[in-house]
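J.: Sequence:
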Amino acid sequence: MTSHTHAISTFDRALIWKAVADAFRKLSPRLQFRNPVMFVVFVCSVLTTLLWIQALTGHGEAPTAFIFWVTVWLWFTLLFANFAEALAEGRGKAQAAALRSTRKDVIAKKLAEPKRDAAIVFTPSNELRAGHFVLVEANEQIPGDGEVLIGAASVDESAITGESAPVIREGGGDRSAVTGGTRVLSDWLVIKITQNPGESFLDRMIAMVEGASRRKTPNEIALTILLAKFTLIFLLACATLLPYSIYSVQVAGKGNPITLTVLIALLVCLIPTTIGALLSAIGIAGMDRMIRANVIATSGRAVEAAGDVDVLLLDKTGTITLGNRQAFAFHAAPGIEERTLADVAQLASLADETPEGRSVVVLAKERFNLRERELESLQAEFVPFTAQTRMSGVDMGERRIRKGALDAVERYLDGLGSHLPPAVKRMAEDIARRGATPLIVTEGDRALGVIELKDIVKGGIKERFAELRRMGIKTVMVTGDNPLTAAAIAAEAGVDDFLAEATPEAKLKLIRTMQAESRLVAMCGDGTNDAPALAQADVAVAMNTGTQAAKEAGNMVDLDSNPTKLIEVVEIGKQMLITRGSLTTFSIANDVAKYFAIIPAAFATTYPALNTLNVMKLSTPQSAILSAVIFNALIIIFLIPLALKGVKYRPLGAGHLLRRNLLIYGLGGIVVPFIGIKLIDMLLVLFGLA
168 MTSHTHAIST FDRALIWKAV ADAFRKLSPR LQFRNPVMFV VFVCSVLTTL
218 LWIQALTGHG EAPTAFIFWV TVWLWFTLLF ANFAEALAEG RGKAQAAALR
268 STRKDVIAKK LAEPKRDAAI VFTPSNELRA GHFVLVEANE QIPGDGEVLI
318 GAASVDESAI TGESAPVIRE GGGDRSAVTG GTRVLSDWLV IKITQNPGES
368 FLDRMIAMVE GASRRKTPNE IALTILLAKF TLIFLLACAT LLPYSIYSVQ
418 VAGKGNPITL TVLIALLVCL IPTTIGALLS AIGIAGMDRM IRANVIATSG
468 RAVEAAGDVD VLLLDKTGTI TLGNRQAFAF HAAPGIEERT LADVAQLASL
518 ADETPEGRSV VVLAKERFNL RERELESLQA EFVPFTAQTR MSGVDMGERR
568 IRKGALDAVE RYLDGLGSHL PPAVKRMAED IARRGATPLI VTEGDRALGV
618 IELKDIVKGG IKERFAELRR MGIKTVMVTG DNPLTAAAIA AEAGVDDFLA
668 EATPEAKLKL IRTMQAESRL VAMCGDGTND APALAQADVA VAMNTGTQAA
718 KEAGNMVDLD SNPTKLIEVV EIGKQMLITR GSLTTFSIAN DVAKYFAIIP
768 AAFATTYPAL NTLNVMKLST PQSAILSAVI FNALIIIFLI PLALKGVKYR
818 PLGAGHLLRR NLLIYGLGGI VVPFIGIKLI DMLLVLFGLA
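Going by the numbering used here, the first residue of the sequence shown is number 168, and it counts up by one from there.
Bear in mind the hints are in silico, worked out from the structure with no lab data behind them. Some hints could be false.
Claimed, not checked - With a cut-off of at most 16 Å between alpha-carbon atoms, the simulated EDC-like pairs for lysine to aspartate or glutamate come out as follows:
1. K621 with E659
2. K592 with D581
3. K641 with D475
4. K359 with E304
5. K641 with D663
6. K621 with E523
7. K359 with E280
8. K276 with E294
9. K592 with D574
Claimed, not checked - Quick list of the computed label-pair ranges, beta carbon to beta carbon:
10. M849 with A232: 14 to 20 Å
11. S195 with E634: 40 to 46 Å
12. I831 with D597: 51 to 57 Å
13. Q546 with E668: 42 to 48 Å
14. E634 with N778: 25 to 31 Å
15. P650 with R593: 56 to 62 Å
16. I804 with S195: 20 to 26 Å
17. A658 with E684: 20 to 26 Å
18. E719 with G564: 53 to 59 Å
19. A658 with R637: 16 to 22 Å
20. D597 with R506: 20 to 26 Å
21. G820 with E684: 18 to 24 Å
22. D581 with T670: 31 to 37 Å
From a predicted model like this one, the values you see are computed outputs, not experimental measurements. Every residue, glycine too, gets a C-beta built ideally from N, C-alpha and C.
Just need the whole structure built from these sequences, with the hints factored in.
T.: This is the structure in structure tokens:
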């Protein structure tokens, strides 16, 4: 699958230059105020700028060059933080532009009433309102979001989903929703418009990917408050250092009090600027990863909730199983050879183009090397499946071959004055108890045996469920099958639990029960009957091919309409939370390391005894401070790719993740500043700047 959302590179040259320009625009105090940590850096940058201007007049409290370079790198710290956010936003804006290019105003065929032959008024699409009816014929663009009332047609949705294969849209089912901007390829549709101009799904997608509707999530708000408290603590600590320094110099009668420039630089180095600078970019990048997976999240809250999910409700058909039952075995009646049964079953299925029918032909070929035969050469007449007979087959001269459900074949044989042998009936019932589907094969008035059809569990799905289990996520299969069939498939797939004979009320009750146990529940759906459960679930992924009611009830829309995407959605959400946690750990450890690295050297002029603690042998107090400020700014740039790409997701438990975080990002956050600050100090000395 190729999608327009995948074509936008993170480090595209045009995006980088746009992000650089936006980084300067974001220096507005109004924008900086939204991030308490970076607002403190902004105020500190303004203060050092004023101190530098004062130094130019000959009344500087520290050397002019020192104040200048501290000021420059404090502004760089702000610009790098703004650059990270702007680069994350830039990808969304580029994707929005790609989406916007697909939206065109067209002349719609507005109908007076919902009938194909009703009077038509040609109307611009931007004048259509919810409740209007339109006719869209082959090779015409659908003028707005709506529900198909009458007709069935193949529709090209590649402009929205990136998927080249056309899809079928028809009235009266769960495949009735259509999106403005897509094109009808064949036949015709009568559509009821469901959205007013500016409120379409495409308009909402554009707003979402541009980040216009993005709000801070509860976890992000909580982390912002925590970072603000850290900032306040260090602010108070640094503020008290000046009077202590002045007092110490006066009492000792020697040394120099610490300068305001050093205190300001020290404050910026000690507050959690690293995570403060990257926090917004991490959240935006999380939504962007959803978009690149062709999932549109209505808010950052939905992405974050996906990371906290601990129960997944998964539909059986198309998610856990392949979606079509496949022929698994031939069970011959007493006195009949299995090869004979396979031969007749293949004949009955030669013209059956359903996945089940094709699988019977393939199984006969694989088991007994029975090659397909041409119906024309056999002078055969195909008997199609109907809802009334619930059988299909083939007539070849005097031969009458049929295959069908147990009760349907029983009635068929009764009508011929025969009956189904008890052994064959027991065989079929045993197959049904195992969770499979029996198809009885007959020739004339005699039953030859049973074809066993099974729901084929997708390859690798059992391992995925095992990974989810290790993460503490419970999987629940939802199916309309009877409990016996559901239990057999659940055991084979490796899910933790199942809901059989699922009705909308049963799904809703199950979700509410789990939420009452303080669990976060995710599910996907596409039908109107799924809407109540989708509205109740914490993470609700609606299929783009589904009904308008389902899409409005969900907080995510999967453009690919792939139910297995639910697992990927949870992984993306967890990756965002893991990335945020990892970089927070690194940032706090970073601050601790900088404290012990620069405090001894920075205060050596006030407290000469601290020189013994200058284990890094930083050349001068000014070099120590300037090295720390430069490192503090550069580390943001080095971490931007990690913030945007995300820490690699691994299906590990919370305890294992915590230990891994502390080992890699905690220990790394302590070690890296010592190395970085020392290298910068050596370069400052080499170039005569210290």
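J.: Hint by hint, which ones does this structure get wrong, listed from lowest number up?
T.: 14, 15
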